[in-house]
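2 protein chains.
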Amino acid sequence: MSKNLTTRAEDYSKWYNELVVKADLAENSGVRGCMVIKPYGYAIWEKMQAELDRMFKETGHENAYFPLFIPKSYFSKEASHVDGFAKECAVVTHYRLKTGEDGKSIEVDPDAKLEEELIVRPTSETIIWDTYRKWIESYRDLPILVNQWANVVRWEMRTRLFLRTAEFLWQEGHTAHATKDEAIAEAEQMMNVYADFAEKFMAIPVVKGYKTANERFAGAEETYCIEALMQDGKALQAGTSHFLGQNFAKAFDVKFATKEGKQEYVWATSWGVSTRLMGALVMTHSDDNGLVLPPNLAPIQVVIVPIHRTDEQLEQISAQVNDLVKELKNLGVSVKYDSRESQRPGFKFAEYELKGVPVRLAIGPKDFENGTYEVARRDLLSKEVISKDRIVDYIMNLLDEIQTNLYAKALDYRNSHITEVNSFDEFKDLLETKGGFLSAHWDGTPETEEKIKELTKATIRCIPLDQKEEEGKCILTGAPSNGRVLFAKAY
Amino acid sequence: MSKNLTTRAEDYSKWYNELVVKADLAENSGVRGCMVIKPYGYAIWEKMQAELDRMFKETGHENAYFPLFIPKSYFSKEASHVDGFAKECAVVTHYRLKTGEDGKSIEVDPDAKLEEELIVRPTSETIIWDTYRKWIESYRDLPILVNQWANVVRWEMRTRLFLRTAEFLWQEGHTAHATKDEAIAEAEQMMNVYADFAEKFMAIPVVKGYKTANERFAGAEETYCIEALMQDGKALQAGTSHFLGQNFAKAFDVKFATKEGKQEYVWATSWGVSTRLMGALVMTHSDDNGLVLPPNLAPIQVVIVPIHRTDEQLEQISAQVNDLVKELKNLGVSVKYDSRESQRPGFKFAEYELKGVPVRLAIGPKDFENGTYEVARRDLLSKEVISKDRIVDYIMNLLDEIQTNLYAKALDYRNSHITEVNSFDEFKDLLETKGGFLSAHWDGTPETEEKIKELTKATIRCIPLDQKEEEGKCILTGAPSNGRVLFAKAY
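These protein sequence lines are chains A and B, in that order. Take 1 as the starting number for the first sequence in this note's numbering and just add one per residue. Take 1001 as the starting number for the second sequence in this note's numbering and just add one per residue.
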């Protein structure tokens, strides 16, 4: 298996695109901007889904399913939402095709035009709040804590696998509450759930914060976010959680009777993460040899490759390995014994390296005689020889260690790429040379934010939750500021 | 909680529609023909998904994800497929909206017309085989055993919750094989997986068989199916598995190099079940009091309701019940303790009866003193008083017993509704009076099948796999036949 992977230093963007395809994560389809998620990539996404779903349920949420299509008029109901979402979207105008006059081609039947066009959901606030109106009468019906796993479509002009695709998979939580405080607490809770998931499961350190008005979700009063940093110094928004105020309740007329019998509008949140996380995963940990996967998300955590010349050797080795496989499976480890005869060990080594399998065991006739395995760890590309008597314990510890190490490494990188800057020259310079998060004073106006974006392509990723009070001057205008915000170029 | 449910005898169809809504399974949305699957209904679907997914993986399949949209031209490539699927469908013609002249309404932007219209997938054979062309070069790449969980859209004119909706959720397996025999074996295997799932998990007995040419999937050479019987004597096709021959491989030019180096077309199968199974579940087991759920699929398997007058009584009862809840949870039982003060016990009893919770425990001050629980089982609507010392064992056994009993009851009904008929008069008469499957001789021609359908609305549900050789005469034409097929009116 020849990799021929472009290196990160040569061209980070090309490295990413090649890796996603060569490691069998995803590929472009015959439909512009829509990807095919291949089985190996989907297996990682399934692991993400399973853990997130568990976390959502643990925090009291249930799943449901709402329609793919949204009538066009629904979007006009929430003024800021329509500008944000209903513009670049897939529009269904007809409901029938017919055979053309050549008897073979098919064409749209002009007699089957819809009275009202349907939009393929770019996000589901409108259709869900149209439904919640029927579900909510009194405070007894609140809170509603619902999540949906679904596909959504946003007609992006420039697409990249996982990072920006016309169709993507995501989950969207939509909750309804009796009070403002409860809704804000929910939005914050879900930001924390996302941060925990990113850090503990994906081994990706994130900054928790909230967005400026410019960067807020269309229809939100506050957007909380988690921001990660990729190896090329660009930031990636990994998840958002929105406090929507009463905006959607007002747009869709959703009121509830309070305990005291008053009619009040319901308070809302929404929150989501998507297959974009797959891009973040690849770009945080992987290297020039291919994917590097944290054990928690690896479809195959341990692979075992036999090395043999004779059938008899293979038989002996297999008998021993099959016991090990059984033992590891009983401990919940996902393990694969690759005894394919059609490929050589070297090919297999390269394949599992490319695919980021955390731990690789090799066993040849000499190892067999000595009662050892050769254990290679993917994150450090290092090898050790381990006695078969302690191999199980060793592997269990190693999986933990790799998970911990990947997080530590990413945290190191991230922390060394948060730089305080105090002048616009320094800002521009660092943005080009080092990248990362630039912690700087800003005068708080959308105009300045916009201007900085125009001049440098950097945006305010977030106002960190742990922002310190500090007197300072805006790097662009010199106007007073009392806290630093995080700028970065972003995916 | 007042139920006011129409009875099955009064109006079976109305009973079904009301039950689905009142038991919080699903409801109609603001989008024609598209349903909202509510949390309680979705929780049942999730249990179905989890078990099916486990069964698919156990038989070697992996999940993947393919695009929602299919270019119109793909459908013209497989001649019979286009007639079956590309006619009544949602067509995306534009990719942008713009604000209207009033500055508020939004309208389709005529400048954003797609060069080629996109069809929202009604089924994914075409886009998947377009992809498999890139994945398959040699026999080493085969078999491909892939499944996808997805939403699909078919523009049905008359829709009913779960049974027939414009958008529905399903899984579709798409496999590629080197030989015809292997593909046929796969299609048969998946029919058997579906039958096992229906019988063991859903407690629904099914007839395994294959379809006549008229009823085959558009593009298939053989369609295997499982057919269930509802309580009104109508059949419901619960799952299908298709041997597709080389039709899609030829349409999308998918060849592989054999071991001997020859180029050959790949053999295909596809197979699917959908949220339609939810309809089958409701109609097989439920009664005039509401849902009846088999324990394997019940989101809540056991509910416990306290009965008390004083806070002190509630405290005592709760302390004891909390221990029981913990013990049952440790045994993997999904249990809910409903100590809401806002509703009376009677309301709760009616609610859980309507929602089909298999086992309901009640405990009042007297039960507490006597060390007992009152145990009600939903399937028989019967009650017993059980000592708290043996309550856990009792519940565990009861859950098994209910699962077994529901299957036995449905099997009894089904078996007593397969009737051999030997004349067309008898056929018509039984169809109106008793319904069920009518086992009859047929001359094997599509014309006769069509004629019988016109005259009676009955279709050939399947040629049973266990069909016996038997000389006979077609009930309509009198022409010779050598085996009986199963007719029924169907959903």
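Among the hints, a few may not be true.
[To be verified] Below 25 Å or equal to it, Euclidean Cα-Cα: the simulated SDA-like pairs (lysine to any residue) are: (1) K57(A) / V1375(B); (2) K348(A) / A1178(B); (3) K1134(B) / D24(A); (4) K1087(B) / R32(A); (5) K1336(B) / V108(A); (6) K1098(B) / V108(A); (7) K1057(B) / R32(A); (8) K113(A) / I1106(B); (9) K57(A) / K1022(B); (10) K77(A) / E1221(B); (11) K113(A) / N1028(B); (12) K98(A) / H1094(B); (13) K57(A) / A1050(B); (14) K113(A) / T1093(B); (15) K77(A) / E1351(B); (16) K57(A) / K1259(B); (17) K113(A) / E1116(B); (18) K1259(B) / T310(A); (19) K134(A) / E1027(B); (20) K113(A) / K1098(B); (21) K250(A) / I1106(B); (22) K1057(B) / S13(A); (23) K77(A) / P1110(B); (24) K98(A) / K1087(B); (25) K113(A) / T1372(B); (26) K1047(B) / D24(A); (27) K1057(B) / V108(A); (28) K98(A) / E1117(B); (29) K104(A) / E1221(B); (30) K47(A) / L1169(B).
[Unchecked claim] Facing chain A, according to a computed beta carbon distance under 8 Å, are these residues of chain B, among others: (31) C1034; (32) K1038; (33) A1064; (34) T1131; (35) K1208; (36) K1388; (37) I1391; (38) V1421; (39) S1423.
It is worth saying that the hints were derived from the structure and are not from the lab. The beta-carbon is built from N, C-alpha and C at its ideal position, and this holds for glycine as well.
To see whether the hints hold, each was checked on the structure:
For the suggested pair K57(A) and V1375(B), the alpha carbons sit about 28 Å apart, so the restraint of at most 25 Å is broken. Taking the CA atoms of K348(A) and A1178(B), the gap is about 24 Å. The hint holds against a cut of 25 Å. With a CA separation close to 12 Å, the supplied pair K1134(B) and D24(A) stays within the 25 Å bound. Restraint check for K1087(B) and R32(A): satisfied, since their Cα atoms lie roughly 23 Å apart, inside the 25 Å limit.
Taken as a hint, the K1336(B) and V108(A) pair is broken in the structure, with Cα atoms around 52 Å apart against an allowance of 25 Å. Note on K1098(B) and V108(A): the hinted pairing holds, with a Cα-Cα distance of about 23 Å set against a maximum of 25 Å. As the CA atoms of K1057(B) and R32(A) are separated by approximately 31 Å, the hinted pair breaks the 25 Å bound. Restraint check for K113(A) and I1106(B): the C-alpha separation of about 18 Å stays at or below 25 Å, so the hint holds.
Between the alpha carbons of K57(A) and K1022(B) the distance comes to roughly 24 Å, so the proposed pair stays at or under 25 Å and holds. With a C-alpha separation of about 50 Å, the suggested pairing of K77(A) with E1221(B) is violated against the 25 Å cut-off. For the proposed pair K113(A) and N1028(B), the alpha carbon gap of about 22 Å is at most 25 Å, so the pair holds. A distance of roughly 19 Å separates the Cα atoms of K98(A) and H1094(B); the hinted pair therefore holds under the 25 Å criterion.
Between the alpha carbons of K57(A) and A1050(B) the distance comes to roughly 16 Å, so the proposed pair stays at or under 25 Å and holds. The hinted pair formed by K113(A) and T1093(B) meets the criterion: a straight-line CA distance of about 11 Å does not exceed 25 Å. About 36 Å separates the Cα atoms of K77(A) and E1351(B), which puts this hinted pair outside 25 Å; it is violated. About 50 Å separates the Cα atoms of K57(A) and K1259(B), which puts this hinted pair outside 25 Å; it is violated.
With a C-alpha separation of about 17 Å, the suggested pair K113(A) and E1116(B) falls inside the 25 Å cut-off, and the hint holds. For the given pair, K1259(B) sits about 23 Å from T310(A) by alpha-carbon distance, which is consistent with the 25 Å threshold. Proposed proximity of K134(A) and E1027(B) is supported: the alpha carbons are some 10 Å apart, at most 25 Å. For the given pair, K113(A) sits about 19 Å from K1098(B) by alpha-carbon distance, which is consistent with the 25 Å threshold.
Among the hinted pairs, K250(A) with I1106(B) is consistent with the structure: their alpha-carbon atoms are about 19 Å apart, no more than 25 Å. Proposed proximity of K1057(B) and S13(A) is contradicted: the alpha carbons are some 35 Å apart, above 25 Å. Our distance criterion of 25 Å between C-alpha atoms is met by K77(A) and P1110(B), whose separation comes to about 22 Å. Among the hinted pairs, K98(A) with K1087(B) is consistent with the structure: their alpha-carbon atoms are about 6 Å apart, no more than 25 Å.
Straight-line distance between C-alpha atoms of K113(A) and T1372(B) comes to about 65 Å, which puts the hinted pair past the 25 Å bound. At roughly 29 Å between alpha-carbon atoms, K1047(B) and D24(A) are farther apart than 25 Å, so this suggested pair is violated. The straight-line distance between the Cα atoms of K1057(B) and V108(A) is roughly 39 Å, outside the 25 Å bound, and the hint therefore fails. Pair hint K98(A) plus E1117(B) holds up; C-alpha atoms about 13 Å apart against a cutoff of 25 Å.
Straight-line distance between C-alpha atoms of K104(A) and E1221(B) comes to about 21 Å, which keeps the hinted pair within the 25 Å bound. Between the alpha carbons of K47(A) and L1169(B) the distance comes to roughly 21 Å, so the proposed pair stays at or under 25 Å and holds. Checking C1034(B) against chain A by beta carbon gives a least distance of about 4 Å; that is within 8 Å, so the hint holds. Proximity of K1038(B) to chain A holds as hinted, the smallest CB-CB distance being about 6 Å (cut-off 8 Å).
Checking A1064(B) against chain A: minimum C-beta separation of about 5 Å stays under 8 Å; hint holds. Among the interface hints, the one on T1131(B) holds; its C-beta lies about 5 Å from the nearest C-beta in chain A, closer than the 8 Å criterion. Taking 8 Å as the C-beta cut-off, the interface hint given for K1208(B) is violated, the closest approach to chain A being about 29 Å. With a cut of 8 Å, the hint placing K1388(B) at the interface with chain A is violated, because the nearest CB-to-CB distance is about 29 Å.
For the restraint placing I1391(B) at the interface with chain A, the shortest Cβ-Cβ distance is roughly 27 Å, beyond the 8 Å limit, so the hint is violated. Annotation: interface hint on V1421(B) violated; nearest CB of chain A at approximately 39 Å, more than 8 Å. Interface hint at S1423(B): violated, since its Cβ lies 41 Å from the closest Cβ of chain A, which is beyond the 8 Å cut-off.
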